[in-house]
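**Student:** Please take these sequences and the hints and turn them into a complete structure.
These are the residues of each chain, in order.
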Amino acid sequence: MTAEQIEATVDAIAAAVQMPIPAECRAGVLQNWTLMHGIAQQVVAFELPPDVAPAAVFRP
Amino acid sequence: MSDLCIQSAADLAQRIRVQETTAGAVVQAALARIDALDARYNCFTAVTRERALARAAAVDAGRASGPLAGVPFAVKNLFDLAGLPTLAGSKINRTLPPARADALLVLRLEAAGAICVGALNMDEYAYGFTTENAHDGPTRNPHDVERIAGGSSGGSAAAVAAGLVPLTLGSDTNGSIRVPASLCGVFGLKPTYGRLPRSGSYPFAASFDHLGPFARSVRDLALAYDAMQGPDPLDPACAQRAADPILPALDAGTAGLRIAVAGGHFAQNASPEALAVVSDAARALGVTRTVQLPEAARARAAAFVITMAEGGNLHFADLASRPLDFDPATRDRFIAGTLVPAHYVVQAQRLRQWYRQQVARVFDEVDVILAAATPVTATKIGQVMMELNGRQVVARPSMGLLTQPISFIGLPVVAAPIVRGPGALPLGVQVIAAPWQEAHALRVAAALEAAGVAAAPVAPGALQ
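Read top to bottom, the protein sequences are chains A and B. Numbered by our numbering, the letters in the first sequence go through residues 428 to 487 in order. Numbered by our numbering, the letters in the second sequence go through residues 1156 to 1619 in order.
Because the hints were derived from the structure by calculation, they are not lab data. Hints are supplied without guarantee of correctness; some may be wrong.
Here are some chain A residues pointing at chain B (derived, C-beta under 8 Å) [unchecked claim]: (1) Ile433; (2) Ile440; (3) Ile448; (4) Val479; (5) Pro481; (6) Ala482.
Sample of chain B residues lacking proximity to chain A, with all beta carbon distances greater than 10 Å (derived) [to be verified]: (7) Ala1267; (8) Gly1411; (9) Ala1452; (10) Asp1487; (11) Gln1504; (12) Leu1580; (13) Pro1590; (14) Trp1591; (15) Gln1592.
We put the CB at the ideal spot given by N, CA and C, even for glycine.
**Tutor:** Okay, structure coming up:
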């Protein structure tokens, strides 16, 4: 993603979840979202068999 | 200054038990040492003087007993202490009502006779590896006050390293016990995920939040750990297992334990000096074998994503309504965490399940794995970048490179400080065991300590 695409994506998600981004935070939020997005590619690029369930804890 | 302050918890409890000294004298000495030295290190955010003195009087009057009777301890300020707001390193929580009761682990330590003397500094909401807190100031490393103590349980590690108390509690989501233990040169225990209940502690990322002790000896870790075990129906992640005391087997040595060094990611992301302390530990234990934890870098990436998303979710309302009340060091990361796509988080949780299965196979072959706890020694306070094997990397997140792939799947770990040359800054190794095998990690750490390879003396500067 280009920097412009990332900025547009961050603004779109922020609008959807109603998270205002103050001017003081904008550069830092973009920087951190970009870092997260890059790191996440290692995760989503890894193929997992369909029978691998999420590991979140829940005991009814 | 009284020598009572720099003794181990086990020795203090023994001296009180045989009436060589009193709980009152021990607590008074700890309070005096905190008064004299804490301005230098900035470990404490609250000192519970009256509570501690009343408790000490009860111990001396025979109204409280136990294996830790009279031993002072302190807790990261995300543990509830009755009568105090639970800061969790934040400004926002200062306006919350005071806690009405102590956290469960505080209650359990006090049921064993220990005496809480205060609350300790941390990164805001535990999101950091440096304890450079904008609201309370940085905690300073007792081995070099120009350097970080590590985090997020920096106050907990530094208070032990400075000899202010022999025992503290902290939390570890991605390395927040093991990183400061390594940088401050003390022992730390992160038990198996779900072993110790978290009731009455402020959360960060519930998928990975663990609680555990710091101390200057393995025996003290074991004493505290045994006192805190047991089920808790109020913590949904708590495994509800019966206590499994380690102390009787602590000195069993390493006979029968298959030990290896972690290669791959853990070798590639450690500096030469961090690899050297792992080699020192391996040599002392007669270890020559290396094992690979498959996809450890991806595991670290998945831990990063889940942590960011869970942290952002937890603080969503405050981030939306009062973002400028957050520490600038955490604020922008937390806001970005509210914007993480679900696909990334769900895939990361599935990777966690897969990685757990892969690492379980490694533990079919070995019982204990050694790895460096931090890539480098403590960086300077305010330092943004650091060099790691010829690369310039951002210092704050990089301190967790070696701890995150381990807590990601909740493995029990002892962080053991390895003895280095005169003037060298501390570094620790992670002694990692299979789930529920804390005993293996503690036995190996005790063997390293007995061999003189691991030790956690009070920082020389704190003795002057």
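**Student:** So, for every hint listed, does it hold in this structure?
**Tutor:** Verification of the supplied hints:
| no. | hint | result |
| --- | --- | --- |
| 1 | Ile433 | violated, 11 Å |
| 2 | Ile440 | holds, 4 Å |
| 3 | Ile448 | holds, 6 Å |
| 4 | Val479 | holds, 5 Å |
| 5 | Pro481 | holds, 4 Å |
| 6 | Ala482 | holds, 4 Å |
| 7 | Ala1267 | holds, 28 Å |
| 8 | Gly1411 | holds, 31 Å |
| 9 | Ala1452 | violated, 7 Å |
| 10 | Asp1487 | violated, 3 Å |
| 11 | Gln1504 | violated, 4 Å |
| 12 | Leu1580 | holds, 28 Å |
| 13 | Pro1590 | holds, 13 Å |
| 14 | Trp1591 | holds, 16 Å |
| 15 | Gln1592 | holds, 20 Å |
Of the numbered hints listed earlier, those contradicted by the structure are 1, 9, 10 and 11.
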